[in-house]
Structures are given as C-alpha cells and as structure tokens.
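Dock chain F against the given chain R, drawing on the hints supplied.
For the protein sequence lines, the chains are R and F, in the order given. When the count follows my numbering, it moves up by one through the first sequence with no breaks and lands on 506 for the last residue. When the count follows my numbering, it moves up by one through the second sequence with no breaks and lands on 506 for the last residue.
One or more of the hints may lead you astray.
Since the list gives no way to pick out one identical chain from another, each pair is judged satisfied if it fits inside one copy or across any two copies.
[Claimed, not checked] Taking lysine to aspartate or glutamate pairs in the DMTMM-like style, the calculated list, with each CA pair at most 25 Å apart, reads: (1) K91 - E81; (2) K94 - E81; (3) K91 - D61; (4) K94 - D218; (5) K175 - D278; (6) K94 - D84; (7) K88 - E410; (8) K314 - D84; (9) K347 - D85; (10) K362 - D158; (11) K344 - E81; (12) K314 - E81; (13) K92 - E81; (14) K92 - E340; (15) K407 - D437; (16) K88 - E342; (17) K483 - D463; (18) K460 - E43; (19) K343 - E494; (20) K41 - E106; (21) K120 - E133; (22) K339 - E410; (23) K271 - E133; (24) K314 - D85; (25) K407 - E346; (26) K347 - D84; (27) K252 - E43; (28) K66 - E122; (29) K329 - D306.
It is worth saying that the hints were derived from the structure and are not from the lab. On a predicted model such as this, the values are computed, not experimentally measured, just so you know.
There are 2 protein chains.
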Amino acid sequence: MSKETQEGITVKKEENFSEWYQQVIQKSQLADYSTVKGCMIIRPNAYHIWQEIQDDFNKRIKKLKVRNAYFPLFIPESFFQREAEHAEGFKPEVAWISNTEEGERLAIRPTSETVIYDSYSKWIRSHRDLPLRINQWANIVRWETKATRLFIRTREFLWQEGHCVYETEEECDKETRIYLEEYKKLCEDLLAIPVIIGRKSEKEKFAGANYTLSIESIMPDGKALQMGTSHNLGQNFAKSFKINFLGEDGKEKLPWQNSWGISTRLIGALAMFHGDDKGLILPPKVAFSKVVIIPILFKKTQDKVLKKAKEIEKKLEKQNPILDDRDYSPGWKYNEWELKGIPIRIEIGPKDIEKNQVILVRRDNNEKKSVKILNLQKEIEASLDIIQKNLLAKARKQMESKIVLVKDFSEFKKAIKAGMAVKAHWCGVRKCEDEIKDKSGGAKSINTPFDQQKNLKERCFHCNEPAYGTWYFAKSY
Amino acid sequence: MSKETQEGITVKKEENFSEWYQQVIQKSQLADYSTVKGCMIIRPNAYHIWQEIQDDFNKRIKKLKVRNAYFPLFIPESFFQREAEHAEGFKPEVAWISNTEEGERLAIRPTSETVIYDSYSKWIRSHRDLPLRINQWANIVRWETKATRLFIRTREFLWQEGHCVYETEEECDKETRIYLEEYKKLCEDLLAIPVIIGRKSEKEKFAGANYTLSIESIMPDGKALQMGTSHNLGQNFAKSFKINFLGEDGKEKLPWQNSWGISTRLIGALAMFHGDDKGLILPPKVAFSKVVIIPILFKKTQDKVLKKAKEIEKKLEKQNPILDDRDYSPGWKYNEWELKGIPIRIEIGPKDIEKNQVILVRRDNNEKKSVKILNLQKEIEASLDIIQKNLLAKARKQMESKIVLVKDFSEFKKAIKAGMAVKAHWCGVRKCEDEIKDKSGGAKSINTPFDQQKNLKERCFHCNEPAYGTWYFAKSY
Numbered sequence: 030m031s032k033e034t035q036e037g038i039t040v041k042k043e044e045n046f047s048e049w050y051q052q053v054i055q056k057s058q059l060a061d062y063s064t065v066k067g068c069m070i071i072r073p074n075a076y077h078i079w080q081e082i083q084d085d086f087n088k089r090i091k092k093l094k095v096r097n098a099y100f101p102l103f104i105p106e107s108f109f110q111r112e113a114e115h116a117e118g119f120k121p122e123v124a125w126i127s128n129t130e131e132g133e134r135l136a137i138r139p140t141s142e143t144v145i146y147d148s149y150s151k152w153i154r155s156h157r158d159l160p161l162r163i164n165q166w167a168n169i170v171r172w173e174t175k176a177t178r179l180f181i182r183t184r185e186f187l188w189q190e191g192h193c194v195y196e197t198e199e200e201c202d203k204e205t206r207i208y209l210e211e212y213k214k215l216c217e218d219l220l221a222i223p224v225i226i227g228r229k230s231e232k233e234k235f236a237g238a239n240y241t242l243s244i245e246s247i248m249p250d251g252k253a254l255q256m257g258t259s260h261n262l263g264q265n266f267a268k269s270f271k272i273n274f275l276g277e278d279g280k281e282k283l284p285w286q287n288s289w290g291i292s293t294r295l296i297g298a299l300a301m302f303h304g305d306d307k308g309l310i311l312p313p314k315v316a317f318s319k320v321v322i323i324p325i326l327f328k329k330t331q332d333k334v335l336k337k338a339k340e341i342e343k344k345l346e347k348q349n350p351i352l353d354d355r356d357y358s359p360g361w362k363y364n365e366w367e368l369k370g371i372p373i374r375i376e377i378g379p380k381d382i383e384k385n386q387v388i389l390v391r392r393d394n395n396e397k398k399s400v401k402i403l404n405l406q407k408e409i410e411a412s413l414d415i416i417q418k419n420l421l422a423k424a425r426k427q428m429e430s431k432i433v434l435v436k437d438f439s440e441f442k443k444a445i446k447a448g449m450a451v452k453a454h455w456c457g458v459r460k461c462e463d464e465i466k467d468k469s470g471g472a473k474s475i476n477t478p479f480d481q482q483k484n485l486k487e488r489c490f491h492c493n494e495p496a497y498g499t500w501y502f503a504k505s506y
Numbered sequence: 030m031s032k033e034t035q036e037g038i039t040v041k042k043e044e045n046f047s048e049w050y051q052q053v054i055q056k057s058q059l060a061d062y063s064t065v066k067g068c069m070i071i072r073p074n075a076y077h078i079w080q081e082i083q084d085d086f087n088k089r090i091k092k093l094k095v096r097n098a099y100f101p102l103f104i105p106e107s108f109f110q111r112e113a114e115h116a117e118g119f120k121p122e123v124a125w126i127s128n129t130e131e132g133e134r135l136a137i138r139p140t141s142e143t144v145i146y147d148s149y150s151k152w153i154r155s156h157r158d159l160p161l162r163i164n165q166w167a168n169i170v171r172w173e174t175k176a177t178r179l180f181i182r183t184r185e186f187l188w189q190e191g192h193c194v195y196e197t198e199e200e201c202d203k204e205t206r207i208y209l210e211e212y213k214k215l216c217e218d219l220l221a222i223p224v225i226i227g228r229k230s231e232k233e234k235f236a237g238a239n240y241t242l243s244i245e246s247i248m249p250d251g252k253a254l255q256m257g258t259s260h261n262l263g264q265n266f267a268k269s270f271k272i273n274f275l276g277e278d279g280k281e282k283l284p285w286q287n288s289w290g291i292s293t294r295l296i297g298a299l300a301m302f303h304g305d306d307k308g309l310i311l312p313p314k315v316a317f318s319k320v321v322i323i324p325i326l327f328k329k330t331q332d333k334v335l336k337k338a339k340e341i342e343k344k345l346e347k348q349n350p351i352l353d354d355r356d357y358s359p360g361w362k363y364n365e366w367e368l369k370g371i372p373i374r375i376e377i378g379p380k381d382i383e384k385n386q387v388i389l390v391r392r393d394n395n396e397k398k399s400v401k402i403l404n405l406q407k408e409i410e411a412s413l414d415i416i417q418k419n420l421l422a423k424a425r426k427q428m429e430s431k432i433v434l435v436k437d438f439s440e441f442k443k444a445i446k447a448g449m450a451v452k453a454h455w456c457g458v459r460k461c462e463d464e465i466k467d468k469s470g471g472a473k474s475i476n477t478p479f480d481q482q483k484n485l486k487e488r489c490f491h492c493n494e495p496a497y498g499t500w501y502f503a504k505s506y
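Just chain R, same shape as in the assembly:
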C-alpha cells in the first residue's frame, strides 16, 4: 500500500459534492496538490486522458488544416498594453518574472494572443498567406487568488489555443463556430460529457473579442462549468498588432481573427459527471486500462487459475488490461480498481475455469454476468461500447435534471438558491446582468443556444425589456 490512504471515498456525492470531488480526484490518483500553492500535479491516470484528448483533437484539426506550433512562455509587458480591453481583462491574473535585465517586465502567458500576433504581423504579407491556422499545446499561468480546485481552478494548467487569421469576416465567423462544434463532439464522443453550446453575453465574453462562443455543462451540484470557448476577435488585435495584408485587388487590408481553447479542466468535468460513491468511472475511450483481471486464488488451484488469467491478459492485449496478482484479498482489489474507475472487471476462480467462463462486472452499473472465455473479446468490446454510451446518456439526464425553466426573477432566485441552473428569456444587457448577479448571490449568464438568438416577443425575466433569446444562468466554477 502506498502512503496515500487506500480507504474509499468517505462522503457521499449527493451530500457533500465539493468534498466528494476532491477525494475522488486524489484517491483515484488523477491529480495531487503540489507543495507550490495553487498548483497541481497531473498524475499518469489523468495525463493519459489528456493524451487521448490531444490525439483526438489533433486528428480533428488536421482535417481543418490547422498546424501545431509553439510560441514563447514569456510576453513583454508592452505587448499586453496594445489591446486595451484584453490588457484590462487579464491584468489581475498575470504572474511576472523578476530577473530581466532588459528593463521591461515579462509576463508568464495567461493566454497567447499578444505574443502570437506579434509573430503574425511579421509573417503575413499577402492574401496568399491566408487563411493562417495555427494551434499550440501549452501550459498557462493565471495567478488566481480564489481557492484551488484540482483541474478546475489552479494557477497553472494545460490547454490548447488555436489562432486563425482570415481574409474575410464571413470565413472567420463560420470557422469560429466550427471549432466550437468540434469541442462539442470531442466532449460527447470521447469523454461522454454532455454540453450546452451557445454564445456568451457581452459581460462574459473574452477580453478583446467581438463575441465569444462556449461549451458548458451544468454539474451535479447545479453549478455551470465553462469547458471550451471560441472567440471571434474581429479586427481588434489586427489593428493593435498591425497585422495587415495585400488583397487580391492590390489594397492593404486588415484581416479577421479567432482564437479558441480547451484545457485540462475537461478532466475535472469528467470526474464530476462520471464518479459515484465508490470513486471514479472512466469512460472506456480514455481509460488507461479498460479491463482489470482479478484471479481468485486458493492454495490448491492458484497455479491453474493464474495461468488462465495470464492467457486472458494476453488475449485482451488491445484493452491494455491489468492483471492484479498481488497478495491482497479479491475484495480489497475490487475496491481499489472501482475507486480508480476501470470500466470492466473480470473475476476468474477455479469454478469458472471448470466451466470455461469468467465473471464480467461493469463499473458503471455493477451488472455481473458469466461469459464464455471463447466469446470474451467480443463481449468486452461490446460492453465497453455500451458503457461509453451509457455514461453519456446518464450524464445528460443528470444535467437536464439540474436545469429549470423560469418565468420571473422570483422563480429565478428560488431556483438558484436550490442549487439549480435556469433557462429564461433575457435581454442580454450588461447592466441587467450586473443586477441579476448582485441580487441572486452570484448567478451569471452561461450562454444562449444558437437557434434561440433572436428577438422574441417575450420579455426579459428580470428587467422586463424585450428579450433577446433564451439563456442559461447558473452559479459557476
């Protein structure tokens, strides 16, 4: 046993979600706190998920002709000043390095628009250089003062940030949406995370953007978690960074830009949705090991059972199985691998061998069944597929149960107080949002679904002015 406690989760998800989350993350060995305040260690079980996210997303963006690159960690202070809103928005969170002999302070990137667009202004000359589509995988530093929450709010995290430049507003607009749709697919297909997708309010958009699109989820505690954003930057940064190009008509023009990102926060969302009182449940597609094999060992039969277990291990090579032949009781092992979230457990004892079968146990619903060894590969593949789909369906149901439609501000406040997210007709105006936040103990607008972004006959649930679409509101992480 390691120094870390091997006891299970000591609180119930329903009863103390915040404490439950912290225990699941640490005890399943996804992540650990660092001695460095506000920082986290992403342990192998979680880093594996991040690599699966990277592989999946790299394939998606390759098809969209995006290429990966890497830009410096450091940003000169003067770059930050150039786009006024952007500078203002990020100032409170920037960490600076102190030993620069050059006089100017250097920021550690809280996001890379400024340092990347400085290069773009050197590289882009003609319409032939556009569209330019570059993505980077990088670590990001935001000097948060709020409480640390592993994967959700730490001073350093990992992400990808895409930065594209286009000749026309139309292309920029269209692709800003396309990257968001890819995020949605990645969340649903790979991580079994349901999302609500839409446009953020004026108040909540990215500092320096014309508008921001987002994917979000409502977590089991009713709080919203923003998981990915795609910003249409218009020509704002092109102006401040003097990015311009010679058009086909021989005229000097300003290009249009977007930027978009997802982060290791997704791993936190995965744990929040798919964990239960026994621990984590890993969606099969991102599990570091899809199957654990537990031999039931008695003195007389252990050689035979172990031999068969090894045969099965070999047979299931594709699922990267763990054969747990350590000197612990089967029950102890069941607990350990349930805690860590391995999607399928195979139990094999002397009686099973006589019948040429094993017991297959699903982590997501505890369903047990006997399976003939002959059919095992096929059964495992089918079960993994079912588990993956079931997790998404369950999570979607969970999310929807946390959203309530409200008609007025009194219903709104009641719902928020009860730990729910709400959907309501709303005007979208910044001043109205400020007031809502103040009077509801911190509820913020999440986003407005695309098909509902229009002037409605309805009125704003709060200020009674004409509504502009239906919106989600919630307290948020």
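For chain F alone, kept in the frame of chain R given last:
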C-alpha cells in the same frame, strides 16, 4: 510571397557554418526569433518533427513501463537548496517570479528533479511502489546570457524528462543505460543523426548526479553537441528529499534514482547534419510532407496536367503530399521546396502524361528519374527508405571525418585549432580537464565510450598520469 525573404541561402555551409545554420532554420521556416530576447518560436514545420519525436519516444518508453505525467512549472526556492550540488549548478540560470504573496521566491523550472521528488517522497512508502517510472513533456527555462542560437541555446525550450526510482543500485544502473540506448536508436532510426555514446567526466556530469551518460554528435564545424543525457543520481536526492521505503525485510531504506532527457535541440542537430547550400533536407520519417508535386502548366494542356496531378496527390495520400498549383514558375517552386527540405519532388508535364510517367527527384542527391505512374507508390516508398538510410550514412561519414586520434597535447591543440574533435587516452581527472580547457581555448571532454572505460596501459595525453579509457574532446555548443 510572405514578408519573409524567399531568396535562398546566401552563404555556403562550408564557408560560414554559423550564418548558414541561422539562415537554414529561419528560411525553411523551422523556427523564428521572438521579440522576447533569447526565446524562439517553433514553427509548424519543426513542431511536426517534435511530434514525431514524441510519438516515437512515447512508444519506446511505454514498453519500458514508463508513464507520462505533468508536474508544476514553479519550484519553491527552498527545494533548490536541499541538494547542495544541484542548487549550485543551476543557480546562475534560474528565472524567478516576483509576485508571490507567500514570501518565498518561486523558480521557473530549469529541470524538475526537486519538484518531482517532493511528490515522490509523499507517494512512495513500500517496495511495492517501486520501481516508479514517470516521464514528463514540458517547457524548460534557463536564463542563458550567451548568444541565442535557435534550437541550440534559447532561454525556453521543450523537452522530456524521465524520473525513475528503484529498490536497488543494480536496477538503477541498468536502466540508466537503457534509456540512453533508446535515445541512440531514436536519433539514428528516426532523425538519421549519428551519435557517440558514453559516460561524461566528473567535471561535466549533471549537478547532483553520481555519473552522467550522454549521446553527442560532432557537428560539421567540429563542435560537439550534447543531445541527450541519462543521469544516475544514486541516493543523493533520496537523502535530501527524504524518499524512503519499507523493504521486504521490514527495514526502512533509501531508493536509487535516475533522470534522463532529450530536447528540441535535436531539431537543431538534424538541420546541421542534413542541410546543404540549397537549404534543409528533412529525413523522410519526420518530414511534414514527404512529397511535393509540381505540375508543369502551359495554357493549352494545363487542365489535363492538373487533373493528373490531383490523381497522383490522392494516390500518395499516405505521404501527405503537397500539390503546388500556385501561380509561380516551376523553377521558383523547386527552390522553395528544396529550401524547406521536402524529400521527394515529382514533376509532371504534358509530355510525361503522354508517356504515363512522372519525373521523380530526390532532395538528398538531386538524382532524377522517370517513373511510370503505375509504379509510383512503390517507387516513392522505396526512395523514401533509401533517402532515410542515405542521410544517416552521409552524416556518419561527415561526423567521422571530423574526429582525429591524437597522441599528445601538441597534436591535441593543433587539431582543436583546426576545428576538429579529437579522441585520446585521458586520465579523466577534473584538474587535468580544467588545464586542458584553459590551454586549448575551451575544448572540453565529451564522453568516453562504454567499452573503453577501463584502466589502460596508456598514459594521459596531457598530464601523463595513467589513462582511464579513451575520450572524445571538442569545443562544444
């Protein structure tokens, strides 16, 4: 055309290696200088190479049961003090962040032994937790004051660092060597870079290690480039970070550790070896595109030629081909893709189509031949294979031509002055190395091959004491 100059390399590799290198890196769009002093931008053509290195190495270490993880960028100053030699060795190069409210300064990692071993001391309890094998891919900051050279010396670079912990000295010793051998294979098989492999001297070993193994190459200018290291840390860090475990015998013990790394420096080595006066030559295995197709377009036949070119593009999908149908002359395009190092060029004009053939041109030796379109796929695959092997053979010959065996210090100085690396019998003693460096204008020991690490009858070429093996010496990057 982009703002960057599209002219070719303006100096010869033989005549001004340093200027040639800088031009190749920038003009082939591998990397660019950042406005941030000492930092570089790794552009997509080079980042692709880095991803190939990552994929290749991840496969190698997975077989060795190493798992990837991610540790914080920041290291508290007090961690640094714990291993005295280590602290002393890295002190001059550390960048610090200034806005920590906690009182203690935070270093930006110049290497992660200390921050990782702080976690290991919490995670490791019993012999059952060992061996522990973790690797991380990360950015590293060393506040260099020497001149910046893209990929070779920058204040930030990317690398991997492996950190393993073992019960016994024997295991640690054995695996310290195994990781180095994997580096050698990666360099030779993937990057076509020849290496010399061996142990570093006492003076040149890693700060805090018992000994350091390295892979190095002698570059075309006679300077040595260290490309990968594997350090046996003994129990030094285990002591300072209080990592201990309960042995099978029930006794508390100190474990043994190693750490090992390669970096984006390898991309610099690749360019140094495989470039020529026309630009870069990419080894096929790491080329972002293995083939460029240039249609020879005349007004009358261009539709037909373009159609055939597109068919070929589709046929060669596996090679990620570029079909360059831009409105430039064929000659201009040849220059551009030679500069960028695409391994194979296919020329296709109206006369070729009549004969159902194309012209295939190898970048590495300019060899041209006609190939029937029917056989094209097979021919391309065979040619790529030959180019890959030829590049390694050429580079090895190049490297060997830069190494001369010397008998005494007068020969040594003459060789170093002539821009050569040397091989000589040497005592290995630090004081002797200090004197050699002083008196030779900066030559350092590189390493000593494994099969030659023994007491010889021969004497040290410099101090005439008994030699301990034969060693490489050179000026170095």
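Results of checking the hints against the structure:
no., hint, result
1, K91 - E81, "both (15 Å within a copy, 15 Å between copies)"
2, K94 - E81, "both (20 Å within a copy, 18 Å between copies)"
3, K91 - D61, "between (33 Å within a copy, 23 Å between copies)"
4, K94 - D218, "within (21 Å within a copy, 28 Å between copies)"
5, K175 - D278, "neither (52 Å within a copy, 46 Å between copies)"
6, K94 - D84, "both (15 Å within a copy, 20 Å between copies)"
7, K88 - E410, "both (23 Å within a copy, 24 Å between copies)"
8, K314 - D84, "both (12 Å within a copy, 19 Å between copies)"
9, K347 - D85, "both (18 Å within a copy, 19 Å between copies)"
10, K362 - D158, "between (58 Å within a copy, 16 Å between copies)"
11, K344 - E81, "within (23 Å within a copy, 30 Å between copies)"
12, K314 - E81, "both (8 Å within a copy, 23 Å between copies)"
13, K92 - E81, "both (17 Å within a copy, 18 Å between copies)"
14, K92 - E340, "between (40 Å within a copy, 19 Å between copies)"
15, K407 - D437, "neither (53 Å within a copy, 70 Å between copies)"
16, K88 - E342, "between (30 Å within a copy, 20 Å between copies)"
17, K483 - D463, "within (22 Å within a copy, 77 Å between copies)"
18, K460 - E43, "neither (35 Å within a copy, 68 Å between copies)"
19, K343 - E494, "neither (66 Å within a copy, 57 Å between copies)"
20, K41 - E106, "neither (47 Å within a copy, 39 Å between copies)"
21, K120 - E133, "both (16 Å within a copy, 22 Å between copies)"
22, K339 - E410, "within (19 Å within a copy, 39 Å between copies)"
23, K271 - E133, "within (21 Å within a copy, 40 Å between copies)"
24, K314 - D85, "both (10 Å within a copy, 22 Å between copies)"
25, K407 - E346, "within (13 Å within a copy, 32 Å between copies)"
26, K347 - D84, "both (17 Å within a copy, 18 Å between copies)"
27, K252 - E43, "within (14 Å within a copy, 65 Å between copies)"
28, K66 - E122, "both (15 Å within a copy, 23 Å between copies)"
29, K329 - D306, "neither (36 Å within a copy, 74 Å between copies)"
Checked against the numbered hints listed earlier, the structure breaks hints 5, 15, 18, 19, 20, 29; every other hint is satisfied.
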